[in-house]
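Colleague: Turn these sequences into a full structure, and let the hints steer you where they fit.
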Amino acid sequence: MTVAAALRDALGDLVDVTGTTLEAARSDRSGHSSPGQPLAVVHAETVEHVQQTMRIATRTRTPVVVRGAGTGLAGAANAGPGEIVLSTIRMNRALEIRPDDLIAVVEPGILNAELNAQLAEQGLWWPPDPASREISTVGGNIATGAGGLLCAKYGVVRDAVLGVDLVLADGRLMHLGHRSVKGVTGLDLTSLVIGSEGTLGVVVGATLKLRRVVEGETCTLTAVFPSVRAAAAGSAAVTASGIQPAIMELIDATSLAAVHSYLSLPAPPPSTSQLTIQTDGPSARVDADRIADVLRAAGGGVTLTYDHDEGERLLAIRRAMHGAFAHLGTTLIEDVSVPRSALPEMYDEIARIEQQYGLVIPAIAHAGDGNLHPNFIFEGEEVPDVVWAAADDLFRSTIRLGGTLTGEHGIGMLKSRWLAEELGEDQWELQRQIKRVFDPLGILNQGKVFDRA
127 MTVAAALRDA LGDLVDVTGT TLEAARSDRS GHSSPGQPLA VVHAETVEHV QQTMRIATRT
187 RTPVVVRGAG TGLAGAANAG PGEIVLSTIR MNRALEIRPD DLIAVVEPGI LNAELNAQLA
247 EQGLWWPPDP ASREISTVGG NIATGAGGLL CAKYGVVRDA VLGVDLVLAD GRLMHLGHRS
307 VKGVTGLDLT SLVIGSEGTL GVVVGATLKL RRVVEGETCT LTAVFPSVRA AAAGSAAVTA
367 SGIQPAIMEL IDATSLAAVH SYLSLPAPPP STSQLTIQTD GPSARVDADR IADVLRAAGG
427 GVTLTYDHDE GERLLAIRRA MHGAFAHLGT TLIEDVSVPR SALPEMYDEI ARIEQQYGLV
487 IPAIAHAGDG NLHPNFIFEG EEVPDVVWAA ADDLFRSTIR LGGTLTGEHG IGMLKSRWLA
547 EELGEDQWEL QRQIKRVFDP LGILNQGKVF DRA
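Everything in the sequence shown is counted per this note's numbering, starting at 127 for the first residue and increasing by one.
Treat the hints loosely; a few may be bogus.
Unchecked claim - Here are the simulated DMTMM-like cross-link-like pairs (lysine to aspartate or glutamate), alpha carbons at most 25 Å apart as the crow flies:
id, residue 1, residue 2
1, K308, D285
2, K279, D435
3, K335, D296
Said to hold, decoys possible - Restraint-style ranges between C-beta atoms, simulated for each label pair:
id, residue 1, residue 2, range
4, R284, D227, 14 to 24 Å
5, L318, L567, 12 to 22 Å
6, G342, Y483, 23 to 33 Å
None of these hints come from the bench; they were simulated from the model. All C-beta atoms in this analysis are idealised placements derived from N, C-alpha and C, irrespective of residue type, glycine included.
Modeller: Have a look at this one:
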């Protein structure tokens, strides 16, 4: 009996082998595809479906790629020949919401925006806020450690997850973490799973740490600068001032021109870069006024609004960035992080790399936490060698500045060749050994993260 037949025998119509479904599972939003179609897609609807799939995969030694909405940007959910795709997108319920304990228990396929819409009815909120929140899943956020615009003030995914339910490669179900705010029994396996990109197990549930909806008004500022370095220095000045905005986004000149064109807005002056900043809570207006003073002292031209709707309109410019880049050509969307004080130097490095390799690399940043998204624009489907050479230079420059290869997109298939260089050989091998404890046969997400190719 073939693997696909064994899956159909156990799971019936949940197993999909149609050509369009298999073709879609070859790629994510990174723009990269596997060399061929997978064996089958299993549309799991319950934990038991996941366990049955993993038992068959272990028995037949068949590789498995776990997939949610397919919105990842590192190729971690791309599936290829000989692999089973285990989709959790139909496991999309909020199972429990507890305002008294400020927790929610959810399935992995629930969308960020849908979860927060349900929570808002009870005056609650889950802070991780990726730009893709309308289409990305909580399970995907956990798998990649995805962040977003609000991380500097409200923390990253790891700060907002108390526990995960994990199905191991052999089908066993593990309940990791706790429901209490404090809990230090044993090793912190929950944090280990967050950001593991499907290499340790299948996340089938999560206990999330909630916040009450922030009371008070929201104020929004934009500040334009004559260069991206000046804008980066302005963001560093805000950080150094001790004021904590909820959002601080940096848009360089190429990106700003692209999104203005995409949204049919008047073109900004040449070389203009922009900071978009929001403050919230009871002190929002005082904080916004103080930030405006800091930015003016740094040479920025400041626009400040206390109107919520106008603020959301200004922020929508940042949220439309991916669509704007898609209109420029094929995009390799990168993701690096540096200490916030190193943002000006990182933009200097990007300018050097643009000149050295003859490329245009629009680069936006979550300036509040030092996470940059340089975008390599090119024609065609295959990434040219010159782009990979420039990316190699960019990654090494990031590490030299005390930074890291990824702040929120993950390693996937695109950055695995650089992982050992950042970690060092000893830590890289230790992490590979940890993966083997969870997945002795090595069937989970083969060729991703820990592959040197």
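Colleague: Under the criterion that the straight-line Cα-Cα distance not exceed 25 Å, is the pair K279, D435 satisfied?
Modeller: Judged against 25 Å, a Cα distance of about 21 Å means the pair holds.
Colleague: Within 12 to 22 Å: is that where the Cβ-Cβ distance between L318 and L567 falls?
Modeller: holds, 19 Å
Colleague: Does the Cβ distance between R284 and D227 fall inside 14 to 24 Å?
Modeller: holds, 19 Å
Colleague: Measure nothing beyond the straight line between the CA atoms of K308 and D285; if it is 25 Å or shorter, mark the hint as holding.
Modeller: holds, 12 Å
Colleague: Does 23 to 33 Å hold as the CB distance between G342 and Y483, or does it fail?
Modeller: Cβ of G342 to Cβ of Y483: about 47 Å, so the range 23 to 33 Å is violated.
Colleague: Take a quick look at whether K335 and D296 sit within 25 Å of each other, Cα to Cα.
Modeller: The hint is violated at about 29 Å.
In this structure, the earlier hints numbered 3, 6 are contradicted, and the remaining ones agree with it.
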